[in-house]
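Chemist: Residues per chain, in single letters:
Protein chains: 2
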Amino acid sequence: MTTDHERLRRAETAEVRSEIRAGRYRAHTAGLGLGFLQTNLAILPAAFALDFMRYCQRNPKPCPLVGVSDTGNPMMFTLGRDIDIRTDVPAYNIYREGRLDHSTPSIEDTWRADMVAFALGCSFTFERALIEAGIPVWHIDNDRTVPMFRSNIDTVPAGPFSGKMVVSMRGIAADRVADAIEISRRYPLAHGAPVHAGDPDAIGISDIARPDWGDPAPIGEGLVPVFWACGVTPQVAIETAAIPLCITHKPGHMLITDIPEDAEVPVLRPTS
Amino acid sequence: MTTDHERLRRAETAEVRSEIRAGRYRAHTAGLGLGFLQTNLAILPAAFALDFMRYCQRNPKPCPLVGVSDTGNPMMFTLGRDIDIRTDVPAYNIYREGRLDHSTPSIEDTWRADMVAFALGCSFTFERALIEAGIPVWHIDNDRTVPMFRSNIDTVPAGPFSGKMVVSMRGIAADRVADAIEISRRYPLAHGAPVHAGDPDAIGISDIARPDWGDPAPIGEGLVPVFWACGVTPQVAIETAAIPLCITHKPGHMLITDIPEDAEVPVLRPTS
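Chains as they are written, first to last, in the numbering used here: chain A, 150 to 421; chain B, 150 to 421.
The set of hints was computed from the structure by calculation and includes no laboratory data. Please note: incorrect hints may appear among the correct ones.
Ranges between beta-carbon positions, derived for each pair [as the list claims (entries may be wrong)]: (1) B:A163 with A:D263: 39 to 47 Å; (2) B:E281 with A:I280: 31 to 39 Å; (3) A:H154 with B:A282: 41 to 49 Å; (4) B:A391 with A:R156: 46 to 54 Å; (5) A:P393 with B:E281: 51 to 59 Å; (6) B:D411 with A:A176: 36 to 44 Å; (7) B:N222 with A:A196: 14 to 22 Å.
Glycine included, C-beta positions come from ideal geometry on N, C-alpha and C.
Start from the sequences, fold in the hints, and give me the full structure.
Modeler: Structure, rendered in structure tokens:
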């Protein structure tokens, strides 16, 4: 946690975005804008947007669709006041032909008139709910990144987008697994209920100590490994599709919206 | 209720669709395929599909997106086994330049390689839940069509699609309004919680006895008029956009899917 992070922990969502836009905050967003949805980000040329949107609709657990920009309009007006998707995320990854080209704190130079931005829900929301219910989350308590694995679960394809589902793992006490399922299911815009609890091998994970992304997390005595659909899934689908240009957030560096976590629908009414 | 309807009340969803496809059943679908999602239908040329999908994403209460076909592929494979959207709905309305051209029991001749089919959730699901909770629904008990009104609530526009929200009204006993809100909120794919309860004038409805669509329903002593977002909203948006060709279901003649009403996500896994 940086001093900057401490300073912004109690700030309003608009103030956090304003600091990010001004270039004064470029670190991860965990713990910021508490109570409001944070999102993963994928920005693609319009030629691929309908297929990508279908991919999200067909795979709502890994890719919960929270907001979609107009083509060429960087203002995400359904997700908050004055959100400019070119500048209001702390760090972006630029992919060309499916490969990471570079990271950057602003995409003003890369944005084009044919771009469409997709905001997809992330796990911060249900993790907070688990913690509030007294279910500890090891990687948060130990300031690590959640362990993520490529599972053997197929996603439902759409156009060039397809692939296996990436899952994130949290070790949950056996007597709280049912609670964890019930609590996270309340947040369909944050991956919803787990896709699997128990034997990692059943979903094609041979070594739980060696995640494909993130840091290993120990499965302590009495804990059950519980697996949630993960927002890295669409990133892998985009890489596999090898489209000419795609922009994502840098992992952990999310878009902070003005949508309350418990909102029935993730849409800020234009008049409100 | 026709004899045909009685015969199909206990049939499996696949059998009902098979009867419809064969032309042996052409009436309304209320009460059929109990326990499974039924959907409204909008089929548009791909040139308008991304904007229409954005319109649905931005207005999830009137337009809850349940399924989207591949472009030119009439098989709605995420919603059930062997659903051919050209033949498996009992009656279709064909619109040209925003005007109703004709109704037809099959669109095999009208379907084109650039068509995209959208299935949108409908109110049958939450109405059944209300009735099971002991909350009577007058228009069902009296075999009428629910009264629908053009409200003064703006939808969030996307491309050529915009307009006021259409709402449906059910009179609910004052001491059950909170229950009705809580119950229907559990079904986000069936319009979710009401958008308004109480004074019709507050949402621009001047005469509750004269609905814009459907049949009038009396507001008995002790009942509160409760308004839900209605699936006629996208139909009005499509008419207003006056796109060259659009196909919808004929009201009441819905698509019966294989998705259980209480499914966490409306997607049939390809392998299941």
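Chemist: Please list, smallest to largest, the hint numbers that this structure does not respect.
Modeler: none
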